[in-house]
Structure formats: C-alpha cells, structure tokens
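Protein chains: 2
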Amino acid sequence: MEERTEIQDLGEFGLIDYLTRNIEIQNASTVLGVGDDAAVIDHFGKQTVVSTDMLVEGIHFDLMYTPLKHLGYKSVVVNLSDIYAMNATPTQITVSIAFSNRFSVEALNEFYEGVYAACEKYGVDLVGGDTSNSQKGFIISVTAIGEVTPDQFVKRSTAQKGDLLCVSGDLGAAYLGLTLLEREKKIFLESPGVKPDLENQTYIIGRQLKPEARKDIIEFLQQENIVPTAMMDISDGLSSEILHIAKQSNLGVVLYEEKIPIAQESREIALKFGLDPTACALSGGEDYELLFTMKQEDYDKIVLNEQISVVGYMADISEGAHIITKGGNKFKLVAQGWNAFKQ
Amino acid sequence: MEERTEIQDLGEFGLIDYLTRNIEIQNASTVLGVGDDAAVIDHFGKQTVVSTDMLVEGIHFDLMYTPLKHLGYKSVVVNLSDIYAMNATPTQITVSIAFSNRFSVEALNEFYEGVYAACEKYGVDLVGGDTSNSQKGFIISVTAIGEVTPDQFVKRSTAQKGDLLCVSGDLGAAYLGLTLLEREKKIFLESPGVKPDLENQTYIIGRQLKPEARKDIIEFLQQENIVPTAMMDISDGLSSEILHIAKQSNLGVVLYEEKIPIAQESREIALKFGLDPTACALSGGEDYELLFTMKQEDYDKIVLNEQISVVGYMADISEGAHIITKGGNKFKLVAQGWNAFKQ
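Chains as they are written, first to last, in UniProt numbering: chain A, 1 to 343; chain B, 1 to 343.
It should be emphasised that the hints constitute simulated quantities derived from the structure, not laboratory data.
Note that the structure is a prediction, hence the values are computed from the model and not measured.
Take the hints with a grain of salt, since some may be wrong.
One copy or two, it doesn't matter: identical chains are merged, so the pair holds either way.
Taking lysine to any residue pairs in the SDA-like style, the calculated list, with each CA pair at most 25 Å apart, reads [what the hints assert, rightly or not]:
1. K195 <-> V148
2. K185 <-> S132
3. K326 <-> Q152
4. K69 <-> T5
5. K272 <-> H322
6. K301 <-> V254
7. K136 <-> I59
8. K185 <-> S157
9. K195 <-> I262
10. K136 <-> E6
11. K69 <-> R4
12. K69 <-> D197
13. K210 <-> E258
14. K247 <-> V303
15. K69 <-> T158
16. K210 <-> G162
17. K301 <-> Y65
18. K247 <-> F188
19. K301 <-> R267
20. K247 <-> S132
Using the sequences and the hints, build the whole thing.
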C-alpha cells in the first residue's frame, strides 16, 4: 500500500521544511533562500528581497464581510510587511488572481483599486501578474520585491542572548475584528433582518480588514541607526513568531505578559466576548506588527517611541521559552497560532 | 442599477488593459512594468526580470492525466519561458500552492520533485513561496526572476518594418497532445475497461505534459551576437502572438503557411483527428517556443540552425496582418488563441 501522510500531521511549517529539505543553491546571486520572510538576491550594489503570499477565499478571507477594495489593499500590505520585516524597502509587486464566473469586471476593478491604493501609499510599482478563471472562489497571489543595502537585511536566526525582544503597535485587535465579523455574519445568516452591531468597533474591524505594514518603524530604526539583530512580522500570533526567532536563533526567551501591548478597545471587546486579551495577542494573528530583537544598549533610542514596546528578552537555550504572567506565574510558551491547515 | 460588464466581453488582454490603465511608475528602478512577458527592474549593473503565472486545476490542467511531477515541472518551465522571452537568464523562482484536503504530503512531494527537476535543469533557485489550503482543487502560482545585461532585454513592441519573423522548434504538438489526452479521458470515463491508445504518440503527449523552455535558443542567439528586435514566447498560439508583436510594434505582418514548422508526428495525428495541422499551430497554444523578429542581415547566422524557422516578415502597418496559404491565397490573420475565459 502506498504511504499517505496527512498534511495536518506536519503543519504548515513542517510541510515547508519537508518540501524544501533538499534545496541546493545554484546561483551566487542567491544570498538567502527559503525559510525567512523573504529571499535575498544580490544585484551588484543593492540586494533584492522577494516575498510571496497566496490568499484563498473561504480560507483566508470571507467576501461576505470583506469589501473587495479592502481585500486588494490587504493582499498587497501583507506582502509588503514581509519585505519590511527584512529591514528592506519594497519597490515592486506582481499580483495574480483567479476568479469564478460570479465576478464582474467592476468587482475586479474594485479589488485593483485597493491594490493601487496600497501601491501609492507604500510607493511600490505593480509590474506584472496573471489573471485566470477558477473553478470556485477568488484566489490571490502577490509577490513583493524590495531592495536593501548589502548585508543590512535582518533574518530571524540572528538574535543574541540578552537581546531585548520588541513589538511594534498593539496586538490581538485583528483577531478580535475577525471574531466580531464572524459573529455578525452568523447572526445575519440566522436572522437576516437584524442590523449588524458594529458601533464603536471600527478600530478592531479596521485592523482586520485594512491592516497596515510598519514602514514607519523601519524608517524610525534607520533614523536611529538601530539594526535589529533579528526581525519578522507578526502574521500568525505573537507566541508562534517568538518561538520562530528563538528556535532559529538557537536561544531561549522570556516574555512578560504585562508588557504585551494591547489597545484599550481590544481589551473591552475581548471582555465582552469572554476572551482573554492576552490569548488574543499570543495566538490571534494577522496583526502585521513587527517583532524584533535588538542590543540592550539601543534601549535609550527607542524608549520614547510609543509605537515600540519591549516585551521580554532572549535567554540561553537551556532556559527554554516562557511567559511570565501578571500574577507572576511562569508558563511554557506554546505556539497556537492561526494554522491554515487546522481550521 | 449597478453596471455589470461580463469578463468574457473584455477577454484576458482587454481585462488586463482595463485593470492596469492608470498605473504610474513610482520607482526609478522600474525599467519596464506591466504589458510584456516580464517586468524589468534596474539593480545597478544588472537588470532584474520578473514574471509570474497562475495555474488552476480544471482550467489549466486536469489531474486525471497530468502526473503531479510533470505538473511541477511545467509550472516552472512556463515561467522560465517568459524570462527567456525577454532575452534574460532566469536565476530564482518562488512557488506558491493551494490544495484541497484530498492531497497527501506524498502527492505534494511529487509535485515538488518536478519543480526541483526543472530548477536543476535550468539552473534556477527556489527561494520562497507559500502553501495554503484551498476550498477546491489545486492552484499554483510561480514567480520567476532573472537577470539581463542592462538594456539587452527584448520587448514585444520594438520590431521594425522589414524584419524577419522567426519561430523556434515546431508548433501545434502541445494542442494535439491535449486533444489526445482529452479524447482518451472521455473514452475512459464512458468505458472504464478500455485501455488508452497512446502508442507512438509520446511526442505530442510529452509536448503537452512536459514542455521545455528554449534556453538553447537564447544561448545560440547570444553566441551569434544576434539581439532580436522583438520577442515573446508562444503560449496562446502563433497567430495571437504574432498579432501582439505587430500591434505593439505598430506594424503589419506577412506569414507564410508553408514556412510554419510542424513535426511529422503532429501532422499524422492531426490528420487522424480530422484537424488542420496549420490551424493547430496558429491557435493551439502551450508550445512555449520563441517567436522573434530580427534584422534581415542576421539571416546568414541562423540559416543552418534547424531549430529556427523564418516564417514571414514585418510589413508596414497599412498592409495589415495576413497569412499566405500554401495555395497562394491571402487571408487576414485572426487571433483564435486559447482563451482561459472562453472555455
């Protein structure tokens, strides 16, 4: 009998590891390949950074509550976020879409309006793509290309023991926005007459439907002459991403619950939903904030920036990965990030 | 009432024109954007070429007769073909896939074996990608990156009046391979006991399931110091591609039916199916041969290369686009290329 391994047994990262286990680099221009936010390609004077993401209707988004323009915007932003997470500047994108017959030209145009809005805001050029029919649903594949001064790109694997662990912005809101939208969808489907209750919740809905990439943080770090020792963007939830940096850097990590930045709006909604705000930040995903480590001596340079929170530090690998709760308890940090294979 | 334009009313190229009508380039490094086989990005010393394609199960391929390894190989090759069609050398690719739960890890591994086989053959590195679930079917998005000596890239829009029109290899076989596979599939579905009759038809099946990109032609042209005046790859059928070059170069064109290269195997099978071999070459698609124009004085350099056929010449725009048949008749050339929106 033929062997059959279920994909959910491996998980997304296990699957990627498995499928890329035998790659051998053939081109001297390939500085960094699979396994980080983006690849790095050397082009004599600047290095090119490449990242790609696929978004599938019914898996990554629900058109029942996602305006197409927002979807176009978000599709670009999530890729740019990967480029910034390399400490690079995005310059070009390609956008490919496949769509079923239910989409009109006007619908696709709305999607592209969002794409172009993101291009304009972040100063990138749309330089190519592909359009095709699909048998079902809407599928989007975006590739972003950026540039970086040689060897200024920042990987996930280069954090050092004692480095400070930092997070931009606030966390958990995108997940709470999704939870709210899913709840209102359910109510609508059960009782189509009921008006959705989205009052005073624009912050969390905006964080879900129209996230931004943290270009400003990269610019701030450059102004302050801070090169993070490791960096990635937070797309799967804080705990999952912290564990990536710790594992790839061969280090332990200590995270302080009370330091995790969570917006007041998020706390209130979490309470209303009976959710733990910390759990939303740790496992929620889709915040597209930056997670980075830096040398302790750079602390003075960031302390006044309200958009950057120090949430912990990198420790020896023998210490493992832990979170210290507000109550002073110490728990092992586990990745319960959003996993596209386990919905 | 809201306006609704059906996508098939515009066609793929009309749709792309429509969706990209307002693009303004923001980065000096964007040398060439949307509208050719690939984009060109300047990186101080070399220029970077980028191309992307999306392949959707049930639209572009049928897993009933497409081995996953071949599909992986073909997914890469069709993108590399676009890079070669710019007179560039592919160096890196990203591969994103979405798949339903019916796929096992072993199945995905087979697909990647084909991806890696193409990477090895063409000397490119897989540097990134994304994996995701889909609601239905298998979707593949590949982006290829290549490099070219500054300003040696070849566009579609730069053919000159009097230039020779050339084609590599032979045409129509991939379409005949598809026709054969579709016929055998139909027979199999109607009478599962009947063994498929694929004897002596390996050539056309191979051309459909495992096409190659014409790296050798690009290398030959470089050796001979020939820079084509215009070039593209033949993915939609010869007539459609010739019309692209003529329209974008603002020229007319004359094509000679008797000069169109068609393999003996293809002629025999076409006859058997009651198809006109010329029609298969003109409208069949998926041959991934190169179509290029070059100066008449370069003719001596290519005349001994059996892999290059001169099929016509570029004329003044006032002459229109015509094919001269074997019988000496002159017909207007029309694009009936394979159109993913009109299946």
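Looking back at the hints listed earlier, which ones does the structure fail to meet? Of the numbered hints, 1, 3, 5, 8, 9, 13, 14, 15, 16, 17, 18, 19 do not hold.
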